[in-house]
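Residue-level listing of the chains:
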Amino acid sequence: MDTSFPNPLDLAGRHCLVTGAASGIGRATAELFAALGARVSLVDCNEASLRALAEALPNGPHACHVHDLADVDGIDDLVRDIVAGLGPLHSVVHAAGIQSVLPAKDLKPEVWRRILAVNTEAALALARNMARKRICQGGGAVVFISSVMALAGSAGAVAYAMSKSALHGLARSLALELAPQGTRVNCIAPGFVRTPMLERLERDWDASQREAVEALHPLGFGEPQDIAQAAAFLVAATGRWITGSVLVVDGGYLAK
Amino acid sequence: MDTFLKEMADILDEESVRENDRLDGFGSWDSLAVLSVVAMADSRYHATFSAREIRGVATVGDLYRLLSAGAKAG
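First to last, the protein sequences are chains A and B. According to my numbering, the residues represented by the first sequence are 1 to 256, in order. According to my numbering, the residues represented by the second sequence are 1001 to 1074, in order.
Just so you know, these hints were derived from the structure itself, not from any lab. It cannot be assumed that every hint is accurate.
Here are the simulated DSS-like pairs of lysine-lysine, each with C-alpha atoms no more than 30 Å apart in a straight line [said to hold, decoys possible]: (1) A:Lys133 to B:Lys1006; (2) A:Lys105 to A:Lys256; (3) A:Lys108 to B:Lys1006.
To give an idea of the interface, some chain B residues facing chain A are shown, with a C-beta separation under 10 Å as derived from the structure [what the hints assert, rightly or not]: (4) Asp1010; (5) Ser1036; (6) Val1038; (7) Ser1043; (8) Ser1050; (9) Ala1051.
Computed Cβ-Cβ distance ranges for the label pairs, DEER-style [to be verified]: (10) B:Glu1053 to A:Arg240: 33 to 41 Å; (11) A:Glu55 to B:Thr1003: 44 to 52 Å; (12) B:Asp1042 to A:Gly74: 26 to 34 Å; (13) A:Arg51 to B:Arg1052: 30 to 38 Å.
Glycine is no exception: its CB is placed at the ideal position from the N, C-alpha and C atoms.
In isolation and in its complexed conformation, chain A is listed as follows (with noise of 0.2 Å):
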């Protein structure tokens, strides 16, 4: 009797984009992903981290990608660039992302726009290449890392969660779009992690902040890998049935 299992998350031969590579979910998914058998194109704007990131992982080839997705009209030349190198894509994982936590009155607009450029334009510039046969022949993944902040107000986060949510309604819909073609595209929606935005929120609370924060989080802080290993599901045959959803990994943020 064959007792053997295929690992349902295998990702061997996929060629894989993910931005934000250089740290935080984007690194740890890029590093899963990896492990799994992809081909990694990474893409940053930390040029150093990048490469070194690129050189530590196993399997591969693996690329490099240095760009700065505020430039949402150099994105169509990038992906092109991506497939020149390592292939046509089976998936993109966008877990690039910024913020700015300021009252609503306080924010500037190019502080905004900024905001929305890289978590929202961005991430439909990248994905709607998908939809080219060049690009990904089908069959393929999209996930976009959004937020809790998408589904629950926080004050201060009004451009991250506009910016956020936003991402929920453009995979819904390019779902729909994609699906003929057997591409899924979907969300995954953090609760805090520990990555370097949230350590750079951190900084400016004291201990009782930072302890009434953690307690929203029934399962405490979350780490990097607890969303990468969320992506690898729904990237890999596993998400197989899943698309226009939003999975929420947030240790119980939002069940309060």
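Put chain B on the given structure of chain A with help from the hints.
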């Protein structure tokens, strides 16, 4: 100082503020106002302060001196 007082009045949503006003005397002196001051320090004074440092000052005048000192040091 006059420009700073006007900016602080805007952040605190007050008609005007004075150099000797205690910050904790304003109902709008909260964590979001502190973040607005951090952003102002960065954009106007090219100085980086943490929210903790901003919260540590007592009066509007003390805040002005803190930001000005940070601008000179930068």
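Status of the given 30 to 38 Å range, CB of arginine 1052 of chain B versus CB of arginine 51 of chain A:
Check passed, 35 Å falls within 30 to 38 Å.
Minimum beta-carbon distance criterion (10 Å), aspartate 1010 of chain B to chain A
8 Å, holds
Given valine 1038 of chain B as an interface hint, is the shortest Cβ-Cβ distance to chain A below 10 Å?
8 Å, holds
Holds or violated: is there a CB of chain A closer than 10 Å to the CB of serine 1036 of chain B?
This interface hint holds because 4 Å falls under the 10 Å limit.
Is the straight-line distance between the alpha-carbon of lysine 105 of chain A and that of lysine 256 of chain A 30 Å or less?
29 Å, holds
For lysine 133 of chain A and lysine 1006 of chain B, compute the direct alpha-carbon distance and say whether it is at most 30 Å.
57 Å, violated
Alanine 1051 of chain B as chain A interface residue, shortest Cβ-Cβ below 10 Å:
4 Å, holds
Quick check on a hinted range of 33 to 41 Å for glutamate 1053 of chain B and arginine 240 of chain A, using CB atoms only.
This hint is violated: roughly 52 Å between Cβ atoms.
Less than 10 Å between beta-carbons is the criterion; does serine 1050 of chain B satisfy it with respect to chain A?
Nearest chain A Cβ about 6 Å off; hint holds.
Does serine 1043 of chain B meet its interface restraint, that is, does its C-beta lie within less than 10 Å of any C-beta in chain A?
8 Å, holds
If I claimed the Cβ atoms of aspartate 1042 of chain B and glycine 74 of chain A lie 26 to 34 Å apart, would that claim hold in this structure?
Once the Cβ atoms are compared, 27 Å apart, the range 26 to 34 Å for glycine 74 of chain A and aspartate 1042 of chain B holds.
Could you say whether the range 44 to 52 Å given as a hint is met by the Cβ separation of glutamate 55 of chain A and threonine 1003 of chain B?
50 Å, holds
Checked against the numbered hints given earlier, the structure breaks hints 1 and 10 and satisfies all the rest.
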